[in-house]
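Colleague: Chain order of the listed sequences is E and F.
Every letter in the first sequence is one number past the one before it in numbering that gives the first Met the number 0, and letter 32, counting from 1, is 31.
Every letter in the second sequence is one number past the one before it in numbering that gives the first Met the number 0, and letter 171, counting from 1, is 170.
Keep in mind the hints are simulated off the structure, nothing from the lab.
We treat Cβ as the ideally placed atom computed from N, Cα and C, and that holds for glycine.
Hints should not be assumed to be uniformly reliable.
Capping the alpha-carbon separation at 20 Å, the derived lysine to aspartate or glutamate pairs in DMTMM-like fashion look like this [stated by the list, open to error]: (1) F:K119 / E:E162; (2) F:K195 / E:E162; (3) F:K119 / E:D190.
If you only want the chain F side, here are some residues facing chain E, beta carbon under 10 Å, derived [to be verified]: (4) L83; (5) I159; (6) Q206; (7) V298.
Some, not all, of what chain F presents toward chain E, calculated at C-beta under 8 Å [what the hints assert, rightly or not]: (8) A77; (9) M81; (10) P160; (11) G288; (12) E289.
Spelled out from the first residue to the last, the chains are:
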Amino acid sequence: MSLIRLEKRAAPSRTLAALTPVMAVIATMIAGGIMFAILGANPLEAIRTIFWDPLFDPQFGPYSRPQLLVKAAPLILIATGLALGFKAGIWNIGAEGQYIMGAVVGAGAGLAFYPSESPLIFPFMVLAGGFGGWAWAMIPAILKTRFGTNEILVSLMLVYVAENILASVSSGLLRNPEGMGFPGSRNLARDYPAASNTEIIANTGMHWGVVAALIAVIFAYVLMTRHKMGFAIRLAGEAPRAARFAGVSPSRLIIFCLGTAGALAGLAGLFEVSGPAGQISIDFNSGYGFTAIIVAFLGRLHPIGILLAGLLMALTYIGGELAQLMLGMPAAAIQLFQGMLLFFLLAMDVFANYRIRIGTPEVAT
Amino acid sequence: MKLVTTLLAGAAFGLAFATAAVAQDKTKVGFIYVGPVGDGGWTYEHDQGRLALEEEFGDMVETVYQENVPEGADAERAITQMALSGADLIFTTSFGFMDPTIAVAEKFPDVKFEHATGYKTADNVGVYSARFYEGRAVQGTIAGHLTESNIVGYIGSFPIPEVIRGINSAYIHAKKVNPDVQFKIVWAYTWFDPAKEADAAKALIEQGADVILQHTDSTAPQAAAQEAGNVYTFGQASDMIEYAPMPRVSSIIDNWAPYYIARTKAVMDGTWESDNTWDGIGAGMVGIGEITDAVPAEVKEEALALKDAIASGEYHPFTGPLNKQDGSTWLAEGETADDGTLAGMDFYVEGIEGDIPN
Chain E
0 MSLIRLEKRA APSRTLAALT PVMAVIATMI AGGIMFAILG ANPLEAIRTI FWDPLFDPQF
60 GPYSRPQLLV KAAPLILIAT GLALGFKAGI WNIGAEGQYI MGAVVGAGAG LAFYPSESPL
120 IFPFMVLAGG FGGWAWAMIP AILKTRFGTN EILVSLMLVY VAENILASVS SGLLRNPEGM
180 GFPGSRNLAR DYPAASNTEI IANTGMHWGV VAALIAVIFA YVLMTRHKMG FAIRLAGEAP
240 RAARFAGVSP SRLIIFCLGT AGALAGLAGL FEVSGPAGQI SIDFNSGYGF TAIIVAFLGR
300 LHPIGILLAG LLMALTYIGG ELAQLMLGMP AAAIQLFQGM LLFFLLAMDV FANYRIRIGT
360 PEVAT
Chain F
0 MKLVTTLLAG AAFGLAFATA AVAQDKTKVG FIYVGPVGDG GWTYEHDQGR LALEEEFGDM
60 VETVYQENVP EGADAERAIT QMALSGADLI FTTSFGFMDP TIAVAEKFPD VKFEHATGYK
120 TADNVGVYSA RFYEGRAVQG TIAGHLTESN IVGYIGSFPI PEVIRGINSA YIHAKKVNPD
180 VQFKIVWAYT WFDPAKEADA AKALIEQGAD VILQHTDSTA PQAAAQEAGN VYTFGQASDM
240 IEYAPMPRVS SIIDNWAPYY IARTKAVMDG TWESDNTWDG IGAGMVGIGE ITDAVPAEVK
300 EEALALKDAI ASGEYHPFTG PLNKQDGSTW LAEGETADDG TLAGMDFYVE GIEGDIPN
């Protein structure tokens, strides 16, 4: 007879589901504050540096606020695509690989025409980038529909293949011929104006990838709430048998979900390589494809939720960098802090799905 | 239009910086690291340089650093934030920070930047690197004497000129003392990844290598050699003395402290100018770690004599006659390599087997 019991709710509480992120942030601040205090920093100052300074500090804010969009855009773009599949029970873990291939194919398409000044170059690269990611995602999709392979393993393994392709083209095919023998392509953002993904409005961080992320969120929202495909996705995830009876083709769903996620990840890669990163290099990928999985779940697989979750993740990254810089925090402490946030967010779900009962269970009469 | 907005942005940043700079009189020096300060190799030595700076100038200087900065889109932000925080001088300590450093430097004309191992300079961006290949010559001499299987394993990081230079220098000098020596080269495609480096070391040992040279920064190859028993290694970037006297028989140490102190002093005095520094053993930027007793005395003596000859400038590690791998002549008898060729070196010398990956 335990005194505290968890009792499953008939339906998850909507109020609590909306409140848990706030509770999680508060819990993180408390636990993180204790950790910062142990490390010898002023906990209030550390938390202010992470959550407040990137937005409102007069010294850093004007630069950091636009950077939030820059950092969040690829996360949101990738997570929006992944969430479609996750809703339907299709687990694409390889967005990192699709992101890399989008960047490689897109940048390659642009570099093939160097030093052209045609305004068609960038749109062509966007198409090529989306195609690169889509094609890479089609490998697990077709293997699954034809041979029943597990898309989790195949898509994940293809990340490592993509990383090796990236290393190879960085030091071979796409290497900058004027780069003194060093690996890495020409800098698209700096040295190739027709191929560069510049800010649409200066100093706002608003580049084409941010626009694409917002459009993707709106499309995903409409798709999930208004479109037959969205209904099929939800049905397949919640009641696979019912979906089959309703005439939803599992193969079509797999091709659609993996393809969309791959194309969006490819686009994210292209916008990143032609803008913030600037060039194809061996270390070009910085884990956006994996972090986006977290963002998708943090946003509860809902397009608007993903938008907010992406911005929150971006804030902890940029705030974390500031805390390192200003307070001399080690990088590991910041990662630990981010880990706490994710842990509390998922742990707080318990309250949405379960009721806490204190005392002995009532006996039904 | 774009130019105007860029200029305006620059002015805004410049103003922000100017107000920040007035508020303090200490010289603020920032460091951007690619790895963790505890990597025991590359980043560790840069951080030792930072600590030496604090030691030298005490209250007159304030240092900040950011570790584990990825060489991609995040680097530019890390450098910008450091400049915004009021740094007067920023050292970016990995090759991949080159373009981001140049980009940030354009926005902060009053901040001085120093980029390690790159080649792009600007009015407020200098570059610096060390002639590690001088150390490799000493290392190659010892390796050529020590190997009994005549197979020397080499863990390369990335096929870039700096690494290729090191392989060539080590090979030339190993071959000089042991004409039968063979090099087996494995590319790890990382600067720091203990698991990958250990795998590479084990693979080389299995292929018969009894000396392992590394151009990666962790001590994992040392640990793998220790486990195998009769295999010799050399510390890379840092002394790695904890593996002495065996397997670590010597090391190449990067000593950045004198350079960091000199450049900071120049900023304090207002005499800083963009430079292109490439120093070696002579200037103290490259150190040879203690050669242990596992090395026979006459070999040690020979290695130290070579070190002294390089330090005094009497001997250049790339002195002809030398041919390229394909047999074509590179340097004629007595001719020495020029810095331009060395900086962009993308070929093996004659005798090394295998191709440079691309």
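Colleague: Which numbered hints does this structure break?
Modeller: As far as the earlier hints go, 1, 6, 7, 11 and 12 are violated by this structure, in ascending order.
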